[in-house]
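Q: Chains A and B supply the protein sequences, listed in that same order. For the first sequence, the working numbering begins at 1 and goes up steadily by one. For the second sequence, the working numbering begins at 1 and goes up steadily by one.
Derived by calculation from the structure, the hints in this document are not laboratory data. By construction, the Cβ of each residue, glycine as well, lies at the ideal position given by its N, Cα and C atoms. There could be a bad hint or two in this list.
What the hints assert, rightly or not - Residues from chain B that face chain A, not an exhaustive set, calculated with beta carbons under 8 Å:
| id | residue |
| --- | --- |
| 1 | Y6 |
| 2 | Y7 |
| 3 | I17 |
| 4 | V24 |
| 5 | A25 |
| 6 | A42 |
| 7 | T67 |
| 8 | A70 |
| 9 | A90 |
| 10 | V95 |
| 11 | N96 |
| 12 | M98 |
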Amino acid sequence: MELAIFILTSLVAIVAALLVILQRNPIASVMYLMTTFVAQAILFIQLRAAFIAILQVIVYAGAIMVLFLFVIMLLNLRREDFGKDIKLKYKPLAVAFAVVLLIETLVVINASMIPALPGANLPATFGSVQGVGKELFTTYLYPFELTSVLLIVAILGAVVMAKKKL
Amino acid sequence: MVPLEYYLVVAGIIFTIGMIGVIVARNIIIIFMAIELMLNAANLAMIAFSRNLGSMGGHVMVFMIMTVAAAEAAVGLSIIIALFRNRDSANIDEVNLMKW
């Protein structure tokens, strides 16, 4: 049952990811990207990462995708702005890179000695808000504080970039 | 119980799709979405390893990656707006001043 859900969800995620780069209309691409994100959220739940799954839906499928939709609608792209959807010049290069990368990934996964899942001996708070929060505010407090600096810089950068006169 | 390798294979495939998108797409917004796809594939691998090792470190790492992705989306989309205002096009082939 678990395997069936995994196969179905990952198929949805992969097919939607393919459609993201094959669509000509950016709005349709955003919708397929959202499908991929929600499918990945289901995979996160299967991996007992409940908090991260909720974050995935709220932050990615909610905030970031709305930002994308805003920009696409703000730009008001016409049909001819989309251009030909695929650069034919780079297609062989892309296929070659993709094949090499995929084979490399699979070989590494196959060759690495990955120990079996610990399974039942996970703590009860694994992946919950409590568990993630405890890690975030004790072990990883310094990186967490640095995150706020990153966000401030990003906000300032976005405001400066989007000003009328650069 | 689904083996860890299956999740890693799915993450690898999604990452590869994202990479093809960055190389092949012409519309700058689609390129941006392909970058988000790659970030998400990395997230999936992190969570899978975290589950496998029984450690919460991967969850915190995914939290950080999401922050970086949000910052990157905000700055990148404002760059796209500035670009569109100057060039009136979302086609990256027309942005070729720094290309040799």
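Q: State for each hint whether it applies.
A: Hint check:
With a least beta-carbon distance of about 7 Å to chain A, the hint placing Y6/B at the interface is held under the 8 Å criterion. For Y7/B, the interface hint holds, the least distance from its beta-carbon to any beta-carbon of chain A being 7 Å, beneath 8 Å. Interface hint at I17/B: satisfied, since its Cβ lies 5 Å from the closest Cβ of chain A, which is below the 8 Å cut-off. Hint on V24/B holds. Least Cβ distance to chain A is approximately 5 Å, under the 8 Å limit.
Restraint check, A25/B versus chain A: the minimum CB separation of about 6 Å is within 8 Å; hint holds. The beta carbon of A42/B is not positioned within 8 Å of any beta carbon in chain A (closest approach about 11 Å), and the interface hint is therefore violated. Satisfaction of the interface hint for T67/B is found here, the shortest Cβ-Cβ separation to chain A being roughly 5 Å, below the 8 Å cut-off. With its C-beta approaching chain A no nearer than about 6 Å, A70/B sits inside the 8 Å limit, and its interface hint holds.
Against a cut-off of 8 Å between C-beta atoms, the interface hint on A90/B holds, since the closest Cβ of chain A lies about 5 Å away. Evaluation of the V95/B hint against chain A yields a violated restraint, the C-beta minimum of about 12 Å exceeding 8 Å. Checking N96/B against chain A: minimum C-beta separation of about 13 Å lies over 8 Å; hint violated. Annotation: M98/B was flagged as interfacial toward chain A, and the flag is violated, the nearest CB pair being 16 Å apart, outside 8 Å.
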